[in-house]
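Protein chains: 2
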Amino acid sequence: MINKFVMPEVIFGNGSISQVGECCVRLGAKKVLIVCDPAIVNEEWLDIILKSCTDVKIDYFVFSELTVNPKDYEVEEGKKQYLYHECDSVIGLGGGSAIDVAKAIALIATNKGEIHLYEGIDKINIPLPPQIMIPTTAGSGSEVSQFSIIIDSIKKKKMTIVSKSLIPDIAIIDPQTLSSKEPQLTASTGVDVLTHAIEAYVSVAATPLTDVQAKNAISLVAKYLRPSVASRLNIEAKSQMAIASLQAGLAFSNAILGAVHAMSHAVGGRFPFAHGEVNAVLLPYIMEFNLIACPEKFATVAQLLGEDIIGLSSMQAGKKGIEHVKNLLIDIGVPRRLSEMGLVEEYIKDMSLVALEDACMITNPREITLQDVEALFRQAL
Amino acid sequence: MINKFVMPEVIFGNGSISQVGECCVRLGAKKVLIVCDPAIVNEEWLDIILKSCTDVKIDYFVFSELTVNPKDYEVEEGKKQYLYHECDSVIGLGGGSAIDVAKAIALIATNKGEIHLYEGIDKINIPLPPQIMIPTTAGSGSEVSQFSIIIDSIKKKKMTIVSKSLIPDIAIIDPQTLSSKEPQLTASTGVDVLTHAIEAYVSVAATPLTDVQAKNAISLVAKYLRPSVASRLNIEAKSQMAIASLQAGLAFSNAILGAVHAMSHAVGGRFPFAHGEVNAVLLPYIMEFNLIACPEKFATVAQLLGEDIIGLSSMQAGKKGIEHVKNLLIDIGVPRRLSEMGLVEEYIKDMSLVALEDACMITNPREITLQDVEALFRQAL
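As given, the protein sequences belong to chains A and B, one line each in that order.
Numbering that gives the first Met the number 0 applies: residue 0 is where the first sequence begins, and numbers increase by one.
Numbering that gives the first Met the number 0 applies: residue 0 is where the second sequence begins, and numbers increase by one.
Some hints here could point you the wrong way.
No copy is singled out in the list; a pair is fine if it fits within one copy or between any two copies.
Stated by the list, open to error - Here are the simulated lysine-lysine pairs, BS3-like style, with alpha carbons at most 25 Å apart:
| hint | residue 1 | residue 2 |
| --- | --- | --- |
| 1 | LYS56 | LYS3 |
| 2 | LYS50 | LYS30 |
| 3 | LYS222 | LYS319 |
| 4 | LYS70 | LYS154 |
| 5 | LYS3 | LYS50 |
| 6 | LYS122 | LYS56 |
Hints are computed from structural coordinates only; laboratory data are not their basis.
Based on the sequences and whatever the hints tell you, model everything.
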């Protein structure tokens with residue numbers, strides 16, 4: 000089998016966001032559209048970035064009209080601002096939503112038509128403008144991935160856009176930015192990291208190059224997610240979670256994902272729930288469903304999580320890993336059922352149909368039917 | 000501390016070299032200079048590459064006037080051929096020498112003047128033409144690194160050129176190409192992989208992102224170098240060594256190296272010895288010298304090599320790792336002393352001066368004096 004592995008240039012470390020201006024210069028930018036979460040506008044990080052740009056005479060326009068689980072019309076509006084302000088480059092600053100929108104704006108800034116035209120795999124033909132992504136959560140991995148997830152507001156479903164062109168030029172990862180986040184957000188984004196790592200590791204498209212990233216990410220989450228949720232001041236835990244997020248992002252960008260994300264996208268397309276929380280509920284059920292597809296891999300997951308598996312069969316060890324995940328989810332206080340968030344039975348049939356068509360379903364290690372998806376949603380309800 | 004991590008797109012797998020034509024098209028190439036080892040000209044791999052180019056109407060010129068430990072005048076000649084044949088892109092095919100020359104030709108094809116002008120760190124200002132690198136040994140890691148090592152034929156020393164511009168656009172790694180290599184070459188290039196991984200891991204510029212690559216590479220070498228040397232037909236061992244080489248390359252490209260490479264460059268600049276064999280002799284002595292700089296890291300090296308270190312102090316465990324390396328070198332039959340290759344005492348003073356000035360010395364974990372370098376050379380003689 001022939002595998003490809005691609006990643007952006009990564010700049011990592013406390014204080015690294017102040018290098019953004021120099022990065023813009025290096026990429027030949029003159030005026031940059033800064034796409035960011037509305038919440039970020041009030042944090043100090045944006046000021047540091049604006050100062051860094053001003054210092055090297057990079058002009059900018061800040062666009063922050065985004066919502067959680069971003070919509071196609073927000074991308075369209077961002078593109079208008081990009082063109083109106085004569086920008087030549089894009090910075091994404093924030094969680095996965097802001098970065099996904101920044102990529103989508105860059106996409107339709109140079110490629111014609113609406114964002115919907117690019118849903119699916121490898122639909123982009125024209126090079127994108129320079130892109131710099133700066134995550135402020137340890138979660139989405141979008142800053143290094145070839146994915147952008149945008150809601151089709153008419154069909155009320157998440158479109159998965161996959162292309163190497165969506166890999167930014169530079170990802171700047173500054174763990175200090177994680178310290179301004181609420182514990183609940185740290186928890187839900189942290190579960191997203193774990194889900195990326197596990198789904199990429201058991202994906203049918205996994206390779207030795209993605210495995211090393213995924214496995215290290217699982218170990219780091221097991222060690223550092225609890226303390227990172229426990230304290231905003233634990234910069235060591237934040238740094239390690241930032242690395243976990245980066246590595247899980249590299250793993251899934253190249254190995255793709257599985258049923259958790261396919262189903263989570265179906266939920267997120269219709270309801271404004273936090274992506275990481277939906278993943279948190281679904282993850283253990285889908286691990287149980289997938290276990291027979293690759294018991295040895297799930298046994299390794301258990302080991303990476305810190306479980307002693309000596310003397311156990313792969314199936315036994317795999318189950319121990321799933322129990323570990325359940326306990327981790329309890330420890331960090333994320334929702335345990337979809338009904339807690341407000342989901343009701345009547346949407347399951349529709350959402351299952353949508354999930355089955357999601358690009359992430361293709362790489363799930365166990366074949367899955369509509370009945371399976373419905374049953375898994377009911378288990379998680 | 001702020002760290003950077005950069006790598007090319009990687010295409011990995013048996014049969015992947017037949018994708019080179021499509022890669023040229025994707026990079027916008029029309030006519031490519033193929034820089035390769037003279038030995039490769041008689042192997043089937045070159046034919047596959049030429050056919051792949053022809054199939055997609057990519058024109059080419061093959062340049063193979065290279066020697067082991069390549070010289071400045073070979074780079075100059077390659078540049079002349081590049082310009083004379085109106086090439087717009089470069090392919091490097093072969094061991095580290097061919098790839099280093101290919102990069103150096105690409106460098107002076109667009110940047111003015113002789114290759115000597117670019118010795119050192121970050122001296123390149125003008126973008127290079129598209130570069131695709133195809134290693135046929137599991138060793139140099141040059142296909143993913145920001146290094147090119149070229150001999151200054153007047154000064155008889157290796158110039159270390161380091162720049163992000165030297166990271167190729169695409170690295171194509173096809174483990175099948177390793178099967179046509181002699182056991183001796185498999186052994187010496189394999190030791191180069193181990194040296195890259197260990198030096199990058201203990202480097203003062205190591206980061207969590209380089210550590211994960213370096214550590215995995217050390218484990219893979221411990222498991223697969225012996226069987227890879229033992230049989231040309233063991234494709235699994237070749238594949239794993241190809242991954243080890245790639246990961247060690249990513250580690251050292253971003254964390255730089257240490258005293259083994261600094262001293263090995265000094266030897267290689269003056270004598271036509273195989274780089275991997277010189278490293279093989281020097282590695283255990285320099286591990287012993289560096290041990291007190293970071294005993295915990297050397298203990299981890301021992302563990303990665305497969306040693307049981309439970310109950311041992313870091314110093315004890317580190318020593319066990321060094322013994323493991325010595326045994327590995329005996330098992331694969333590489334030279335154990337520099338005098339076996341023909342080195343004599345009278346050159347040590349000069350070579351030590353050169354080694355001390357090498358860019359790789361800066362990141363060695365233990366401070367090192369001229370007397371130390373001379374003493375280490377004498378130990379290894």
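Hint check:
For the homomeric pair LYS56 and LYS3, the shortest alpha-carbon distance between copies (24 Å) is at most 25 Å, but the shortest distance inside one copy (37 Å) is not. Only within a single protomer do LYS50 and LYS30 lie at most 25 Å apart by alpha-carbon distance; the minimum there is 14 Å, versus 44 Å between protomers. For the identical chains of this complex, LYS222 and LYS319 are intra-copy neighbours only, at 17 Å inside a copy versus 28 Å across copies, given an alpha-carbon limit of 25 Å. Within a single copy, LYS70 and LYS154 get their C-alpha atoms as close as 11 Å, which meets the 25 Å cut-off; across copies the closest is 63 Å, which misses it.
For the identical chains of this complex, LYS3 and LYS50 are inter-copy neighbours only, at 22 Å across copies versus 38 Å inside a copy, given an alpha-carbon limit of 25 Å. Taking the shortest Cα distances, LYS122 and LYS56 sit within 25 Å of each other only across copies (24 Å), while inside one copy they are farther apart (35 Å).
Violated hints for the displayed structure: none, as all numbered hints are satisfied.
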